[in-house]
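**Student:** Given the structure of chain Y, go ahead and fit chain Z onto it with the hints provided.
Next come the chains, spelled out residue by residue.
Number of protein chains: 2
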Amino acid sequence: METSTFPIVLVGAGNLATNLGCALSRAGFPILQVYSRSQESASALAGRLGCEATTNPEKLAADAELYIVALKDSALETLLPEMIRGREKRFWVHTAGSIPLNIWERIPGVKRFGVLYPMQTFSKARLVDFRSIPILLEANAPAQMNLLKEVASTLSDNVREVSSRQRRAIHLAAVFACNFTNHCYALAEKLLAAEGLPFELLLPLIDETARKVHTLPPQEAQTGPAIRYDENVIQKHLDALSGEPEMQTLYRLLSQSIHEAAQEKLKGKN
Amino acid sequence: METSTFPIVLVGAGNLATNLGCALSRAGFPILQVYSRSQESASALAGRLGCEATTNPEKLAADAELYIVALKDSALETLLPEMIRGREKRFWVHTAGSIPLNIWERIPGVKRFGVLYPMQTFSKARLVDFRSIPILLEANAPAQMNLLKEVASTLSDNVREVSSRQRRAIHLAAVFACNFTNHCYALAEKLLAAEGLPFELLLPLIDETARKVHTLPPQEAQTGPAIRYDENVIQKHLDALSGEPEMQTLYRLLSQSIHEAAQEKLKGKN
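Residue numbers (my numbering), protein chains in the order written: chain Y, 204 to 473; chain Z, 204 to 473.
Treat the hints with care, since some could be wrong.
All copies of an identical chain are treated as equivalent in the list; a pair is satisfied when it fits inside any one copy or across any two copies.
Said to hold, decoys possible - Keeping only pairs whose Cα atoms sit at most 25 Å apart, straight-line, the calculated PhoX-like set for lysine-lysine is: (1) 262 to 393; (2) 352 to 275; (3) 275 to 468; (4) 352 to 393; (5) 292 to 470; (6) 275 to 262; (7) 262 to 439; (8) 472 to 262; (9) 468 to 393; (10) 352 to 292.
Hint data in this document are derived by calculation from the structure and do not stem from the laboratory.
Okay, chain Y solo, but in the shape it has when bound (with noise of 0.2 Å):
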């Protein structure tokens, strides 16, 4: 089935939205416009679109079909009422995983409403593929779902319908798999810059750690001290941070943490 396109505009201009644009571009969608408070990224990724820039709420654009906000979750409550007056009968959606769909109904005449989160990490300087992104959605009608589903299958084949109280659940859950992943692997960095040793030495290891949860579970696939609570290479650990008192911290509470991980699973076995 060919899926019909129509005009977009952008409202945002960050990470998501930069990556966003470029793929419904690039999936045939005509990207009207971009908006974003800051005229040197509007320009930039309206510059990429081939579409107008604009740093003005009152100059968005009143004629496309659908309405896509990724900004800042500070940003979008005070901003929307003031983007949205004469626009009410499009069609709104934002791309936020911590923000519930009942954020649109506050806003006086909204009649068409939705959410369309993209799961994943995404920066300016790398476009990433969103064939296998799990794009979730909710949206306040059939009709508006149907419309969604339309356009998420076009850049991705993991789409599917979730709550908000789900979309948060997996938000949360993505700050914890991603963010405070990627800082593990930052920290590490730094221990190994502090001995003139390349971060690059990690990368295997971060790959195969990576990898191997698609076919073990996570519980199952730990290995290290932890597990067992090894007070002999833990205590060694311990000392070796002592200079940084924040991830000695860390380490300890994560090996708590792991630890009692371990003992409830094998609670469970018995």
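**Tutor:** Frame of chain Y, contents of chain Z only:
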């Protein structure tokens, strides 16, 4: 250059010994014997390698060229003296990231010793490809180092000499980049399970998080609410974790640590 192979005794039958034994065997080294304190583990690995199993340190073969000790750190020091007696002229290496080379000096009579530390997360159920795994070597003399380099090079293209101090830092970094990372996956799984959602949903994110640091330093690859300490989102997440005080503490500390690292980076730029 054809590497000459020679008989090896494997002391240990855990995750690392299993992976290393299978890799050495495939590379053409005859494994003479497997020792483990557990008959079950010794027999399982000896069965895979087609060699003899023993649980008696006194029955260790006396005529191997190389003895690779892959025991838990806590067992190592207690078991070694007994094992080595009568085999002092052989070449002994251990495989532990956190144990210094000089542990061998405490054992009377041993003249040729070293360390062969393959840095990877190993599980018995999953044989990994050694080709890209860093194998980190240390030895008490050039002749031993050369032999270890020969052996390691038959397994991996990523062989390097490191000091005990560097190896300790690498091992600690590996705990962050692998064990703690994997635990973040496990905690994320728990959050999804509570909402009836499958862990598989996170795999594209986990893969991209790992892939990303091949081209961006982890610090630059970071995304999410903690960078600018977005109170709005972070407070929602902490509320959602109110039933899991331990995860709540980890969430708070990791977010603060991400935020501080981002602030330090900004300061460095100004």
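**Student:** Give a verdict on every hint.
**Tutor:** For each hint, the structure was consulted:
1. 262 to 393: neither (46 Å within a copy, 45 Å between copies)
2. 352 to 275: For residue 352 and residue 275, only the intra-copy Cα distance (24 Å) is at most 25 Å; the inter-copy one is 52 Å.
3. 275 to 468: between (39 Å within a copy, 21 Å between copies)
4. 352 to 393: neither (43 Å within a copy, 28 Å between copies)
5. 292 to 470: Neither, since 57 Å and 46 Å both go past 25 Å.
6. 275 to 262: Answer is within; shortest intra-copy Cα gap is 20 Å, inter-copy 67 Å.
7. 262 to 439: Neither. Shortest intra-copy (61 Å) and inter-copy (33 Å) distances fail the 25 Å Cα cut-off.
8. 472 to 262: Cα proximity of residue 472 and residue 262: none, with 62 Å in one copy and 35 Å across.
9. 468 to 393: between (32 Å within a copy, 13 Å between copies)
10. 352 to 292: For residue 352 and residue 292, the Cα distance is within 25 Å only inside one copy (20 Å; across copies 71 Å).
Comparing the model with each numbered hint stated earlier shows that hints 1, 4, 5, 7 and 8 do not hold.
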